[in-house]
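K.L.:
The primary structure of each chain is shown beneath.
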Amino acid sequence: MSTFTLDPSAATTTPSQRTQYPIVTGTSVVGLKYAGGVMLAADTLCSYGSMAKYKDARRIRTVGSNTIIGASGEYSDFQSIMDTLAGHTQDDVNYDDGHKSCAKSIHSYLRAIMYQRRSKMNPLWNDLVIAGDGFLGYVDKIGTTYEDDFIATGFGSYLAIPILRSKWRADLTEGEARALLEDCLRVLFYRDCRALNRIQIAKVTEGEGGVVSEPYELETNWEGAGFSSTKGDMEGDGGW
Amino acid sequence: MFRNQYDTDVTVWSPEGRLLQVEYAMESVKQGSACVGLRSENYVVIGALKRSVNEMSSHQKKIMEIDSHMGIAIAGLTADARSLAKWMRNECLNHKYVYGEAMPSKRLCDDLADRHQRTTQTYVRRPYGVGLLVGAYDEATGPHLYQTCPSGNVYEYFATSIGARSQSAKTYLEKHYEGFNNSEKDDLIMHALRALSGCVQGDGELNKDNGSIAVVGKDQKFILIENDELSAYLDKLDVEGGNGDGDGDAMEES
Numbered sequence: 001m002s003t004f005t006l007d008p009s010a011a012t013t014t015p016s017q018r019t020q021y022p023i024v025t026g027t028s029v030v031g032l033k034y035a036g037g038v039m040l041a042a043d044t045l046c047s048y049g050s051m052a053k054y055k056d057a058r059r060i061r062t063v064g065s066n067t068i069i070g071a072s073g074e075y076s077d078f079q080s081i082m083d084t085l086a087g088h089t090q091d092d093v094n095y096d097d098g099h100k101s102c103a104k105s106i107h108s109y110l111r112a113i114m115y116q117r118r119s120k121m122n123p124l125w126n127d128l129v130i131a132g133d134g135f136l137g138y139v140d141k142i143g144t145t146y147e148d149d150f151i152a153t154g155f156g157s158y159l160a161i162p163i164l165r166s167k168w169r170a171d172l173t174e175g176e177a178r179a180l181l182e183d184c185l186r187v188l189f190y191r192d193c194r195a196l197n198r199i200q201i202a203k204v205t206e207g208e209g210g211v212v213s214e215p216y217e218l219e220t221n222w223e224g225a226g227f228s229s230t231k232g233d234m235e236g237d238g239g240w
Numbered sequence: 001m002f003r004n005q006y007d008t009d010v011t012v013w014s015p016e017g018r019l020l021q022v023e024y025a026m027e028s029v030k031q032g033s034a035c036v037g038l039r040s041e042n043y044v045v046i047g048a049l050k051r052s053v054n055e056m057s058s059h060q061k062k063i064m065e066i067d068s069h070m071g072i073a074i075a076g077l078t079a080d081a082r083s084l085a086k087w088m089r090n091e092c093l094n095h096k097y098v099y100g101e102a103m104p105s106k107r108l109c110d111d112l113a114d115r116h117q118r119t120t121q122t123y124v125r126r127p128y129g130v131g132l133l134v135g136a137y138d139e140a141t142g143p144h145l146y147q148t149c150p151s152g153n154v155y156e157y158f159a160t161s162i163g164a165r166s167q168s169a170k171t172y173l174e175k176h177y178e179g180f181n182n183s184e185k186d187d188l189i190m191h192a193l194r195a196l197s198g199c200v201q202g203d204g205e206l207n208k209d210n211g212s213i214a215v216v217g218k219d220q221k222f223i224l225i226e227n228d229e230l231s232a233y234l235d236k237l238d239v240e241g242g243n244g245d246g247d248g249d250a251m252e253e254s
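Quick note, the sequences are listed as chains A and B, same order. Residue numbers for the first sequence follow UniProt numbering, so the first one is 1 and each next one is one higher. Residue numbers for the second sequence follow UniProt numbering, so the first one is 1 and each next one is one higher.
Excised from the complex, chain A in its bound form (with noise of 0.2 Å):
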């Protein structure tokens, strides 16, 4: 670490540094593939450390006509990463050659961004989910990539991916695909502490493109005997 002084004849530079830990962080995005394409789900909630800062963070965006992109972690790291991609969307408009990139040419062209970032030891610090034309994949800081029906990263990886393993199905509908997505937020909202219960949902569908809804608020009920009564009361396990 350098050294700050008030004297300015001993100022110093700061020596360049490269990502340690991230500052203004996002939690989990949930995605999955129904039968009129692909859905993302994220809060939208920006945390400094354990405060709720910023809570209208919009951490899914569009990324040409068909793609959508969901990020959590660090969230200026998310806006470097959509400068870079709209200087790529538009690198295809300048072209003109009738190429559009899909989700999955941006999947690749993300990864290969994230792992050469992590090989020089300076990382972008988030865990991404990209999804379109039938297409849902995610990238992390190290350049790991995997595709899969249902994605989810943070927390979502323990307390969401249960849930889809046991409610998905590939010919859900939009209503239905839409219900799941918001019972694993709330069931985040509930157990993640970093979450919060406005949320948003995203979709790409043939006819549409991509579509990101307004923010709106999850309900949520904390009458239920497992938040109401204290554990000891409980008969069974309720902790200690």
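These aren't lab readings, by the way, just hints derived from the structure by calculation. No experiment lies behind these values; they were computed from the predicted model shown. Glycine included, C-beta positions come from ideal geometry on N, C-alpha and C. Wrong hints could be hidden among the right ones.
[To be verified] Ranges between beta-carbon positions, derived for each pair:
(1) Gly134/A / Tyr155/B: 32 to 40 Å
(2) Glu147/A / Tyr155/B: 37 to 45 Å
(3) Leu93/B / Ser65/A: 26 to 34 Å
(4) Tyr155/B / Asp171/A: 45 to 53 Å
(5) Ser57/B / Tyr146/A: 50 to 58 Å
Based on these hints, arrange chain B on the given structure of chain A.
P.N.:
Frame of chain A, contents of chain B only:
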């Protein structure tokens, strides 16, 4: 004409507003043996006449694969062509690594054109002395055929030919191109062979040693058809009687 005074450097204009070095480079393309290219709704076929120095030597390779969805036929300085092919292959490979998809052909050819143009506007280099016929198939936009030129112009064609005696092939293609769009793959190959056969010198004929065909398209990765594999098509050509008669016309119109 004051040709000689203004033709030493590529950076010198002639009084008629021409870059003579570039035009001389284009002459080099015209000296190379003929190449043809044509496309249908789903396929591109490129063909070339391979020259051999003498009876003892091999026939110079004229068609090169760039990627599984793209290939080139060359006319002119072979060494320049190989250098360009190396660059094109590298670009295609890099694109595939980063984007997980095949390089879109038009943007590669635009960058190829820029590369050519750069050599016409600098002191220390010379124009590429080769013309390429680039045949490619893009999933999104279908088959494409491009022609490059030492000047840096790159145009897309439905059918074209370059090299020595290529006017014969051009005449054939102009006559028959309206039927190409709906042609089957094998019909396209036959058209290419008929066009090529008119470009052979003197009494020579198109045979399996000097003929070379490549195809790429829908459900068809780039494939080179030469030697014995080409014989099947050449035999059909002989049956038609269209081989070696110098004007590239088939006996029957199909």
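K.L.:
Determine which of the earlier numbered hints do not hold for this structure and return their numbers in increasing order.
P.N.:
Violated hints: none at all, because every hint is consistent with the structure.
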